[in-house]
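Engineer: In order, the protein sequence lines correspond to chains A and B. Counting from 1 along the first sequence, just add 1354 to a position and that's the residue number in this note's numbering. Counting from 1 along the second sequence, just add 1354 to a position and that's the residue number in this note's numbering.
Just so you know, not all the hints are guaranteed correct.
Note that the list lumps identical chains together, so a pair holds whenever it fits in one copy or between two copies.
[Unchecked claim] Calculated lysine-lysine pairs in the BS3-like style (CA-CA distance at most 25 Å, straight line):
1. 1656 - 1674
2. 1656 - 1514
3. 1654 - 1623
4. 1674 - 1623
5. 1656 - 1575
6. 1654 - 1514
7. 1674 - 1514
8. 1674 - 1575
9. 1575 - 1623
10. 1623 - 1514
These are calculated hints, taken from the structure and not from any lab test.
There are 2 protein chains.
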Amino acid sequence: MSAVASAETEHLSFAELVELLQRIFERHGTCAQVAAILAENCATAQRDGAHSHGVFRVPGYLSTLASGWVDGQAVPTVEDLASGFVGVDAHNGFAQPALHAARPLLVSKARSAGIAVLAIRNSHHFAALWPDVEPFAREGLVALSVVNSMTCVVPHGGQKPLFGTNPIAFAAPCAGSEPIVFDMATSAMAHGDVQIAARQGHAVPPGTGVDRLGLPTTDPKAILDGGALLPFGEHKGSALSMMVELLAAALTGGNFSFEFDWSQHPGAKTPWTGQLIIVIDPSKSAGATFAERSGTLVEKMKTVGVTRLSGERRYAERAKALEAGVALGRMELEQLRQLAG
Amino acid sequence: MSAVASAETEHLSFAELVELLQRIFERHGTCAQVAAILAENCATAQRDGAHSHGVFRVPGYLSTLASGWVDGQAVPTVEDLASGFVGVDAHNGFAQPALHAARPLLVSKARSAGIAVLAIRNSHHFAALWPDVEPFAREGLVALSVVNSMTCVVPHGGQKPLFGTNPIAFAAPCAGSEPIVFDMATSAMAHGDVQIAARQGHAVPPGTGVDRLGLPTTDPKAILDGGALLPFGEHKGSALSMMVELLAAALTGGNFSFEFDWSQHPGAKTPWTGQLIIVIDPSKSAGATFAERSGTLVEKMKTVGVTRLSGERRYAERAKALEAGVALGRMELEQLRQLAG
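Sequences and hints are given; from them, build the entire structure.
Structural biologist: Rendered as structure tokens:
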């Protein structure tokens, strides 16, 4: 799904896009460090064709900053809680700077203990989850992350929304190819994709959500306007979504998706919750190297006819963008330049 | 789904059932220690109404032992690999005795490091996964486990089976109620439930599997007889199943679901793979106690209309069985007594 599939596109180098976004964030209330991290994150999603988390998100970031809901200057506090446990209080800032601050300690603990966990609380996550885990796999580590979000998913067997879209992301090194990375909402569709469908006037598949009366609908506007999403895979996806609430909120000390009240902050879009990341050093275990073994699995998957592996579409888009630059709509780019001043 | 829903039932106390099963396993080739662990595991499933993993499994255990495929006398070797990492070589024995042997070290590491991982390899898992994780939650810990199995699931986008049913189980303490526990096959249906449907002559829901030609079917016999299962939730369940292969096999040093060859062991039923268990001590993190927070989530789920929480059906069956004994069909019980000699 491309938000920029028209002749009216322009190409920026990745570095140019990062620099442009950084100027925007800094001009709208973040410190330089936070701006740099958010800009890289947002440009990465745009570059890799993940448009629902690319520059499409900029207006949401800015209206949130303008509302006073998130602190764009927050300096996270990293807590060394045990030999395998790192905590971070994001102090009402974004989750990515909190991860950035805690990352060296987390990796060091994972390499020493064989496994380590990072519990981020009091944080706002408004981005894709795969950019958080992919870098661990590039260092030979296995990573699993969950983040809860905001009430918009009806638990299986329930009548009203309670859970967030609550994604699960996983990354693992793979010999002979890019890391295996997936990032899946535990809702039938990611919230950003529903927003894009609404903007483009596309219907969404049956089973995606319900309208404000709780009735099934394929109209993305009806889902966004007082309706709600459904979990993927019925009771199983719903159980996974519950697990994400427990790990990302109960375990970190963050808010559940239903606990924060942003009604006094019109324009606020970022869920104020928590995030958990588990990192494993597979070199501690027995047998052949993990990356060789995951390479074996991938080869075998191809022999049974699997043609598109997790993350491959993003890597293909990334390769194109490294060659030709990151594509942006002219109108979109013009708006970004205006925002950058 | 009850395998014993007839007037022809008899009730044994849980201890009597464990003792009967223990005699059966010991008489058919396991040592006393392994027999005790398998008997308790199998009786627990029967008691809790999880009939696809109860005494229904006994013939499969015995034909596997008779075939020489599994070593019922194996003594697992526990390896202290790092401050958060325990390995076990099950030496071609069952996974449950391996978990039993490594459990004290795993719990001690989790309490000290905040998180620890157990990687079991060279093991056979032929049981439900929830009995492996529930006890951790009773000790105030959060546990996540995955086990791969045997080729019977077609990856999303593929043409032939490759993955196992590859379940994911999760357990967490909950103030004011029993632990929150789920155990879900990443296939559309668990293999044992397909076997029960075939035995009882019931159709399975559309989307469960394909026949030997790869065509969709609702006939459980067609799925078992050269056909295959599908993942739950299309590409998402398939990605989770792949993750289970990576964690339970690549990370532990065990076999992938497609790697073992039991053709020289007619009667063998137990997948020779691996199992991973991650245990987290939530007391390390900030804020209110984890169990209080999960209690808050459960209460909120009830207010939006969720009437059956993960694990509740099992707890209800358990309570009934503690009162009236564990129900078994008379024919079934007679067969068990004959097997016990």
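Engineer: Please write out, lowest number first, the hints stated earlier that are contradicted by the structure.
Structural biologist: Failing hints, ascending: 4, 5, 7, 8.
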